[in-house]
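Could you build all of it, start to finish, from the sequences and the hints given here?
Just so you know, the sequences run in chain order C and L.
The first sequence maps to residues 1 to 323 in the numbering used here.
The second sequence maps to residues 324 to 781 in the numbering used here.
Watch out, some of these pointers could steer you wrong.
[As the list claims (entries may be wrong)] Take a look, some chain C residues computed to stay more than 12 Å from chain L by CB distance: (1) 49; (2) 136; (3) 141; (4) 151; (5) 159; (6) 161; (7) 171; (8) 206; (9) 255; (10) 266; (11) 273; (12) 291.
[To be verified] Coverage of chain L stretches by chain C, computed from C-beta distances (three or more under 8 Å per stretch; other residues unrestricted): (13) 451 to 465; (14) 535 to 549; (15) 602 to 610; (16) 747 to 758.
Treat the hints as calculated values from the structure; they're not laboratory data.
Glycine included, C-beta positions come from ideal geometry on N, C-alpha and C.
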Amino acid sequence: MATVKDRSSSRTALPDTGAADRDAPSRPGIRLRSPRRRRRLLGLAYLAPALLIYAYVVLLPAGQGLQLSFYHWDGVTSASWAGLANYTGFLTDATLRQAVTHTLFFILFFSVLPIILGLISAALTARKDVRGAGFYRSVIFLPQVLTPAVVAVVWKQIYAPDGPLNSVLTAVGLGGLARGWLGDFTWALPALGLAGTWAAYGLCMVLFVAGTHTIPGELYDAARMDGAGPVREFFTVTLPGLRGQLAVVLTLTLLGAIRVFDIVWLTTKGGPGTSTITPTVVLYQRAFTNPDVGAACAIGVVLALVSLLVSLVVVKLAEGADR
Amino acid sequence: MVSSRRTRRITGGAVALAAAGLLAACVPGTSGASSANSAGKGAAVTDPAAMGTVTLNVLDTFSGGTDNAWMTAVVKAFEKQYPDITVKRTSMAWGDAMAALPLKLKSPNAPDIVPANNGWQSMGTLVRGGLLLNLDRYAKAYGWKQSIPQSILSEHEFTADGKQMGTGSMFGAPVARASLIEVYYNRSLLKKIGARVPATLAEFQADLAKAKSAGITPIVAGNSDQNGVTQTLYSLMNALGEQSRISDFVYSRNDVAITGTGFPKAVSTFKQWFDKGYLAKDFAGVASADAAQSFVNGRGLFHFDYSGSLPLKAGQSKDFGSFVLPRADGGKPVATASSAANFSISSKSRHADAAAAFLNFAAGQQAAELAVENGTMPLLHPDVKAPSADPLLADDVAIAQGISTNGTSVPYLDWATPTLYTTVNTTMQSLLAGKTSEQAVVAAADRDARAYVKTLGK
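Right under this line is the structure:
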């Protein structure tokens, strides 16, 4: 609930400011004694409803979370001051450290791989129209439409010891490789990672393919006139033309990798052992199953800060390249 | 393109965030519990006529299947006997309810009756926070301490300061339905290997070997969701360890460490069984619920699970039977057992008398009969008879009778600390994958327990 509200309110909040700032002075019906100040107030007035909701459902809990992260608290009895102890857990707690390394691993599967695959799709379809491309696109985009719970159930079934993956392996004579993928210390993490790649690939592809359509055809013609092959064409025309989309996709998928929770919780709960544990799983365990709310909040705060930093860096990079 | 405005917005957000933090800058949590947890004064009202017209808000975890059928029947019977009391139920999934309880109990309109799980993870913490009502007045009025066997009673007791579990005041009450760990067996497969229901642990192990050599999966289990180890492990601990020491460990009394409970032997026997191939081949890669389903589908001889948790369709129960894993020393079998739910009353409830009347009813003879009628295991009333048409239920009823009359139940091991369940599960997975040693599993559990007992401040 909270995240849904959070997204919609921030989405309405952002365009509002822009619209108010830009439109107010040019509107003929409004006469102002002190236009600039009036304009600012008007902007705030437009913003107020969204801001109030945003403050109540996002900023206030975030503030409380920050405060709690400095306490030891079981969620019920009185809390005791912890100072930075909950934060040093990132250095001292072996489980949490392992979770962080898994996040790096997931970035590869949830962000890097889907982007590479998406770029390849875009490059292949950028030069000419493929017959039935719309159909393939909607099929590949399908995972984006499914809820994560459904995705988890589907992949649990695929990776089951008597599931389709093992059947295929056995059928092609690789029965020796068949195993219970999600119960295997070595394979559980890549298996979940691939499920994430599958889920994120569609979004990357659709955005990139849409992006290639906005690249002026003359650029391709010019490149070809200069004798560029497909590879050269990709790096000099397609890739620079997709910079905006790349920034969007990077932000979305990186945040997705940092926050990955549902598919892990619904399949392995972080196991076997702690081989698929992620910071969000640790957060959930500490907040709800093994009450240590302060430690959970510290993880939340760090994840929020890292996410903020990641999106800032990506946006800056995209902007810097624009100039 | 929008960098300067964006930066301003972020600064603004950070300021607001800091302000919110300052606004809320009081210490979170409630103040100490001990004063709030006294038994209270004045007589407990047990006469329904003196309670007035009351609506009881009950939160339970009986959301489906026989759970729901039993609870619905109990509520109906209760409302018939107490016409002025209306019960308004809310059901939640088990995990969701436990996660939500602290917040629900702190809210101004907390439910009157809540299903706080026994042990430190839920009930103990809530007692320490002063959120649950001390039921001693009602225990006296209704005679609970006499009518409920001690081994069950202890599971609902805490000292008023919240530092000791298993003794002191009742902060919850059992219902007349059991939840215990038992061994299910497939009747036709047991016949096929020419064995009878094992009476000793040695006989059970011989059956495992026989099944294995006959090409039958001896134990069907699945653990990919970290939910398939404790059923077998606790049963082994009960068969190999000493009943009183297991209880002592869970209740952190008499200085019994986990090393003194039979847990280490259980861990190594489990490992031996695993190495000998007695557990389903796909144990690590199958989810526990899928394993239960494949046992019902006839894919193995034995299955360790909680009572009433087999996904049986109508008519299937005649194919299966149940027993408690026999003890190594030939004594009466000991089961990890408790009431199917612990019902506690919110310390904020304005209808404590009516709520206590409901607790008493849910633990009563009629509720036990309703349990059997709805096909689940009764508790507290050993005289309840099983219907003849259902041999599995007959086995279950006999088990419940046994542990009630002999007092041979022990609390769940993981009640001992809020984190022990996770610790045992993750380290056991590592052990079975050959990534760690038996000693390391025991040491991790021992560390977990010692660290928690320290925080109780005894």
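Tested hints:
1. 49: 16 Å, holds
2. 136: Given that every Cβ of chain L is farther than 12 Å from that of residue 136/C, nearest at about 32 Å, it holds.
3. 141: 28 Å, holds
4. 151: 16 Å, holds
5. 159: 7 Å, violated
6. 161: 4 Å, violated
7. 171: 18 Å, holds
8. 206: 23 Å, holds
9. 255: Residue 255/C clear of chain L: closest Cβ-Cβ about 16 Å, beyond 12 Å.
10. 266: It is violated; residue 266/C is separated from chain L by about 9 Å at its closest Cβ, not greater than 12 Å.
11. 273: Residue 273/C not clear of chain L: closest Cβ-Cβ about 4 Å, inside 12 Å.
12. 291: Residue 291/C is in fact no farther than 12 Å from some Cβ atom of chain L, at 6 Å.
13. 451 to 465: Held - the stretch 451 to 465 of chain L has 3 residues with a Cβ nearer than 8 Å to chain C, which meets the minimum of three.
14. 535 to 549: Satisfied; 4 residues make the cut.
15. 602 to 610: holds (count 7)
16. 747 to 758: Contact hint for the stretch 747 to 758 of chain L vs chain C: holds, 7 residues under 8 Å.
Hints 5, 6, 10, 11 and 12 from the earlier list are contradicted by this structure; the remaining hints agree with it.
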